[in-house]
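Note that the UniProt record's numbering has the sequence shown beginning at 1, numbered continuously upward.
Warning: the hint list may mix true and false statements.
[Said to hold, decoys possible] Straight-line distance between alpha carbons at most 25 Å, and here's what the computed DSS-like set of lysine-lysine pairs gives:
hint, residue 1, residue 2
1, Lys181, Lys156
2, Lys156, Lys75
3, Lys234, Lys75
4, Lys156, Lys234
5, Lys70, Lys181
Because the hints were derived from the structure by calculation, they are not lab data. The structure presented is a predicted model; accordingly, all values stated were derived computationally and were not measured.
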Amino acid sequence: IELLSIQLPILTPNGLNYFDDSVYICSQGHRTTSGAIYAVNPTTLVSRLVVNSWFGLRLNSPNDVTFSTKVGGRKYMWFTDPQVAYLQAFGSSPQLGSFVYRFDLTTSELQPVITGLIIPNGIAFDPSETTLYVSDTALNPNGHGTYIVYAYDLNKHGLPINRRVFSVSSTGIPDGIKVDKVGRVWTGEGDGINVRDHHGTLLGVILGRDLCQSGVISNFAIINSTVIILAQEKLWRLELAVSVL
Numbered sequence: 001i002e003l004l005s006i007q008l009p010i011l012t013p014n015g016l017n018y019f020d021d022s023v024y025i026c027s028q029g030h031r032t033t034s035g036a037i038y039a040v041n042p043t044t045l046v047s048r049l050v051v052n053s054w055f056g057l058r059l060n061s062p063n064d065v066t067f068s069t070k071v072g073g074r075k076y077m078w079f080t081d082p083q084v085a086y087l088q089a090f091g092s093s094p095q096l097g098s099f100v101y102r103f104d105l106t107t108s109e110l111q112p113v114i115t116g117l118i119i120p121n122g123i124a125f126d127p128s129e130t131t132l133y134v135s136d137t138a139l140n141p142n143g144h145g146t147y148i149v150y151a152y153d154l155n156k157h158g159l160p161i162n163r164r165v166f167s168v169s170s171t172g173i174p175d176g177i178k179v180d181k182v183g184r185v186w187t188g189e190g191d192g193i194n195v196r197d198h199h200g201t202l203l204g205v206i207l208g209r210d211l212c213q214s215g216v217i218s219n220f221a222i223i224n225s226t227v228i229i230l231a232q233e234k235l236w237r238l239e240l241a242v243s244v245l
């Protein structure tokens, strides 16, 4: 593992994604620094601020980010912005709700597109970019909540509609979420990485108890046939028999 230094400090980094030759990183911010999304050139390590507010109101703590190019023929960045920093006592009082945003990479227009979730977390598109998946890890201070992945269609304006339950976690929260090239949905949950078909039927589980003491998978990445798994105190590399992404 190589430690790299980038130009701008990215406080409390969380989800990230690679798009158009840049790595887009979610920063959850801190007490005096707004949550934001930064873009980093992976070759030069030059970084730039992409967005940190909506009409002057600070973002909360961006958690995950994805991109679309087929929606209206434009390049959009989509991200979740829950109030996690405030709820976990490392962020300031929120100025905005826990929303899902769409950011136009050409015009820099930022628009809240989903406002009905409690703690929006993971976000991903299916290969056709006609279905958007968003996980709601609605954990309240008492430790109770609903742990659901919702699916949305997109209308002719590229806005999410027709929310429906795609899956419910039996153990833990659906944290990291990825969709492979045939439309299977992968989610990191309390028992490991769950893999479901596009109908929500569970196909199998990569058991977390075989990877770390708690069994809880924080997040993961898929590159062709390789799965990189963030298993709390350990980092695993899993080779699949076929390329899935």
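Outcome of the hint check:
| no. | hint | in the structure |
| --- | --- | --- |
| 1 | Lys181 with Lys156 | 24 Å, holds |
| 2 | Lys156 with Lys75 | 15 Å, holds |
| 3 | Lys234 with Lys75 | 35 Å, violated |
| 4 | Lys156 with Lys234 | 44 Å, violated |
| 5 | Lys70 with Lys181 | 15 Å, holds |
The structure fails to meet hints 3, 4 from the earlier list, while all remaining hints are met.
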